[in-house]
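**Q** Hey, can you work out the whole structure from these sequences and the hints?
What follows is each chain in one-letter form.
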Amino acid sequence: MSALISTAVERRPAAIDISRPVLYGFAAVLIVLIVLPMSWLLVYSVTDRTGALTLDNFFRLFSESAFLDPLIATFIIATSSSFFCCAVAAPMGWLVARTDMPVGGVIRVLVTASFVTPPFLGAIAWELLAAPNSGLLNKIFRAVTGAPQEESLFNIYSLGGIIFVVSCYTFPYVFVLVANALDRTPGELEDASSILGGKRWYTARRITIPLVLPALLAGALVAFLQAMTLFGSPAILALPAGFHTMTTKIWSLFQYPPKPELAAAAALPLLLLTIFLLRAEHMILGRRGYSVVGGKYGAPRLIALGRWRWPALALCLVVLLNPVFLPYAALFNAAFAPVASHFLTFSNFTLHNIEFVLFELSATKLALRNTVILGTTTATIGTVLALVIAYVTARKAVPGYRMLGFLATAPIAIPGIVLGVGLFLSYTRPPFILYGTLWILLIAFLTISLPSAYQQLQAAFRNIHPELEDASRILGATRLQALRQITAPLLRTSVIATWCFVFVGVMRELSAAIILFTSETKVISVLIFDLNESGDLGAISVIGIAMLVITFAVVILVNRIPGFGVVGAGRLRT
Amino acid sequence: MRQPRFSRRSILKGTAALGLSTAAARVAAAPAAEAVTPALIEAARKEGKLGWYTVMDLPVAEKMAKAFEAKYSGIAVRVERSGSERNFQRIAQEYASRIYAADVINSADAAHFIVWKRDGWLAPYLPEEVAQHYPAAHRDPDGMFATSRIWLSSLGYNTDLVKREDAPKSFADLLDPKWTGKMVKAHPAYSGTIMTATFQIARDLGWGYFEKLAQQKIMQVQSSTDPPKKLALGERAVMADGNDYNLIQLKEAGRPVEVVYPREGTPLVVGPNGVFKAAPNPNAARLFHGWLLSLEAQQFLVDFTGQHSAHALVKEKPGRTPLSQIKLMQDDPAGVEAQSDAIKARYSQIFRI
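Residue numbers (our numbering), protein chains in the order written: chain S, 1 to 574; chain G, 575 to 927.
Everything labelled a hint here was simulated from the structure, so no lab data went into it.
This one's a predicted model, so the numbers in the text were calculated from it and none came from an experiment.
Note that beta-carbon positions come from the ideal geometry of N, C-alpha and C, so glycine has one too.
Hints are supplied without guarantee of correctness; some may be wrong.
As the list claims (entries may be wrong) - Below are the DSS-like pairs computed for lysine-lysine, each with C-alpha atoms no more than 27 angstroms apart in a straight line:
(1) LYS139/S x LYS365/S
(2) LYS365/S x LYS645/G
(3) LYS825/G x LYS743/G
(4) LYS365/S x LYS623/G
(5) LYS756/G x LYS139/S
(6) LYS637/G x LYS522/S
(7) LYS637/G x LYS365/S
(8) LYS640/G x LYS522/S
(9) LYS825/G x LYS637/G
(10) LYS139/S x LYS825/G
(11) LYS637/G x LYS623/G
(12) LYS620/G x LYS365/S
(13) LYS825/G x LYS756/G
(14) LYS259/S x LYS691/G
Stated by the list, open to error - Quick look at which bits of chain S chain G covers, simulated, 3 or more residues with Cβ under 8 angstroms:
(15) 125-134
(16) 232-243
(17) 250-261
(18) 332-342
(19) 353-365
(20) 430-440
(21) 525-534
**A** Written out as structure tokens, the structure reads:
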């Protein structure tokens, strides 16, 4: 019915509707952003050194164990991480969004803290905690049980260790998606089920779960792709353990003598797998309509947990030990202890690391500046870009909108490091010579953050029924007016969240930056990775803590912008 | 991008460096030693900054930079530290895009200087002190670079985890099953020190040694500065390679670590320093290069870090093992240059990483 209305509205001759040119402009930007580097990758993957066409790169990729083993390791890590993320995030999201568990808001903030933590920093913190011999947790284990030096409770340098750490810093994606979906689930539907005699569990099974299933599925997919394309954590944990994942393998192919053609070929299976998964998600969800924020629904009803309230909270806090409390305790310890593996006491407390980072490390100031500049500009441009594309695809506003949606989602399949090389190949030659400037990093970060920003905003659009916009347009507003007056206020929370999401994404980004940085365009993540390679853990801890403080300051500031970040204003009541 | 100005003589020297001239011209072009003139200092101050691409342990490099800044106020040194092999790749990448950000270059892989000199990337500059006090073996005949420091890739152990009498004494000892899972080792595709050491060990002991070592479940880190730090953390008991000077520093700071110079001989690492021809701050670069090789800086480097100097007047710090008492493996930059790609490939094949 609404589709009919919207078609009718399309045909209405609008006096001045500049939406089409604007939309086509965005499409053009997107194509340059994404198609250019991808084309170079493709070209490289099917040519040899002399430029002749060949399939030899792919042949090597699938015949040598040096490539097959990383492929398998990556698949195991991505699948298990995705599974564990969902297993933990879905119940937690439900507890926070739909039950009367105490301090749910605090739990949300803490999950944000784990999201704000760059995975590579988390990996380093977990080295401090769970390295088999020097890890603080293993030391405590030996002290308590009297176990010999050879025994350890955890070994973070292992496949299991990597899956654990990757899950720790990927589960916020799933949590946010699930919790937001549950927030938006209208209470009336559940009430209706109850009134008609549905028991609590029946209602959950037939109403609530189907309503959040798309979000959970999207979460599982995002977690899988995140884990698959992550570079920092495996580089920090897998290499010492003696194995590669696809991203670290690709990275090693760019070391001297560089073999970009093999790396490009290695990236394509990841791209194809992602396309397949996105198609699969689309097929599973199909055409089911999940537009639940219309003009006529009420807030969801909270479920009373009774005596399970406090155990539920305890459970959430235990989960959050892993991505937040323990790692930051370890970083804090390392920042002030003389040796990172010693326990901090009043007598061994030292400011040596702080002094080093602030007064001796000549890279600190420049890297901080670059990171903040890139974070804010990427977040602003990226949010606008994602907003427009999400709108176009959600409302099917231009022909070829599917292509636009695909383009915006495609970068998720490209490991940042490969995108880095694609961009390197694209922007070191005329007409765009950007290598060595912050621009190339901006483009990289924009491209990388676009898929998640787009998915987030598209999900928001999907949940807002077009009937509201249609009403506005029937009353004579142009598409842009309808957007500004009706949709924008409804989307406010999502937009703020997306902005912060992208900003944090830039702080977390390492894999493309590691290819694209030059000495004058170094960012914090690269600096930390450098320091990790030379084993300067004390300095990393100081920078890592500073990074968290800056990120939180920016996120809080943005949420305080008057008339902009009023959380919760996006819900209409009848 | 501002290019340094060249005198006619320096262009001649550059031609010699490119290998385009005859041997006779090469002798004729040998650069004259240059003193630190007020004009040079003035010009360097005008530039006000320089970028030093280096591979020294970061705290050491930053300390050197600060010492230079203290002596020549108004010239900021930006330290760009990474592994030699990593820097080599990055500089090549930047040069290919005509980005000339590096002024001064310091590497642990002397083979890199053969390549850069052959490609004509280095500027001839012979500081007076180098001409006077450095043996010919430690300075390039065309004045393109000179040895800034000498150190070793040794073995080592954590004295809390290993008793002195049980500690490995040789490379062969590391193959004992009792060290399985207890060793840490750096990577030749990152570190010039480890590249140099891998070349020498493979040459003297054969690749069979590495094939057996790969069965020992080593912990693979990147930088040669890291194994000593992993020992100090207590994360691994023994290091199979890495900088001896980091161990010396850690030991002198009271950490439970000990250096072992293996019975078969210890790989010798010679780290040259040079100025890039395309340096954006050519005067500051020359001033820094000259200062780094001066008695003052070299003595500081030796005293502070436990490395060794090619400068004839530098004294070894009392209480440390003099280089002359250690059985050394022979360094061979030309040999490394010829084999470096093959070494990286073979290493990653053996260690699967």
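**Q** Now look at each hint and say whether the structure bears it out.
**A** Structure-based check of each hint:
1. Restraint check for LYS139/S and LYS365/S: the C-alpha separation of about 35 angstroms exceeds 27 angstroms, so the hint is violated.
2. The hinted pair formed by LYS365/S and LYS645/G meets the criterion: a straight-line CA distance of about 22 angstroms does not exceed 27 angstroms.
3. At roughly 18 angstroms between alpha-carbon atoms, LYS825/G and LYS743/G fall within 27 angstroms of each other, so this suggested pair holds.
4. Between LYS365/S and LYS623/G the alpha-carbon distance is near 15 angstroms, which keeps this suggested pair within the 27 angstroms criterion.
5. In summary, the hint linking LYS756/G to LYS139/S is supported, as the alpha carbons are separated by about 17 angstroms, within the 27 angstroms threshold.
6. A threshold of 27 angstroms between alpha carbons decides the hint, and for LYS637/G with LYS522/S the separation of about 21 angstroms falls inside it, so the pair holds.
7. This hinted pair checks out: LYS637/G and LYS365/S have alpha carbons roughly 17 angstroms apart, not beyond 27 angstroms.
8. A threshold of 27 angstroms between alpha carbons decides the hint, and for LYS640/G with LYS522/S the separation of about 21 angstroms falls inside it, so the pair holds.
9. Distance check on the hinted pair: LYS825/G and LYS637/G sit about 19 angstroms apart at the alpha-carbon level, within 27 angstroms; holds.
10. Taking the CA atoms of LYS139/S and LYS825/G, the gap is near 22 angstroms; set against the 27 angstroms cutoff, the hint holds.
11. For the given pair, LYS637/G sits about 16 angstroms from LYS623/G by alpha-carbon distance, which is consistent with the 27 angstroms threshold.
12. Using a Cα cut-off of 27 angstroms, the hinted pair LYS620/G and LYS365/S holds, with the two alpha carbons roughly 22 angstroms apart.
13. With a C-alpha separation of about 20 angstroms, the suggested pairing of LYS825/G with LYS756/G holds against the 27 angstroms cut-off.
14. Among the hinted pairs, LYS259/S with LYS691/G is consistent with the structure: their alpha-carbon atoms are about 24 angstroms apart, no more than 27 angstroms.
15. Only residues whose C-beta sits within less than 8 angstroms of a C-beta in chain G count toward coverage, and the region 125-134 of chain S has 4 of them, enough to reach three; the restraint holds.
16. For the region 232-243 of chain S, the stated coverage by chain G holds: 5 residues have a C-beta nearer than 8 angstroms to a C-beta of that chain, and at least 3 were required.
17. Look at the region 250-261 of chain S against chain G: 6 of its residues bring a Cβ nearer than 8 angstroms to a Cβ of that chain, three or more, so the hint holds.
18. Taking a C-beta to C-beta cut-off of 8 angstroms, the region 332-342 of chain S contributes 3 residues in contact with chain G, enough for the three needed, and the coverage statement holds.
19. By the rule of at least three residues with a Cβ nearer than 8 angstroms to a Cβ of chain G, the coverage given for the region 353-365 of chain S holds, with 5 such residues.
20. For the region 430-440 of chain S, the proposed coverage by chain G is satisfied: 3 residues have a C-beta within less than 8 angstroms of a C-beta in that chain, meeting the threshold of three.
21. Only residues whose C-beta sits within less than 8 angstroms of a C-beta in chain G count toward coverage, and the region 525-534 of chain S has 4 of them, enough to reach three; the restraint holds.
Of the hints listed earlier, the one the structure fails to meet is number 1.
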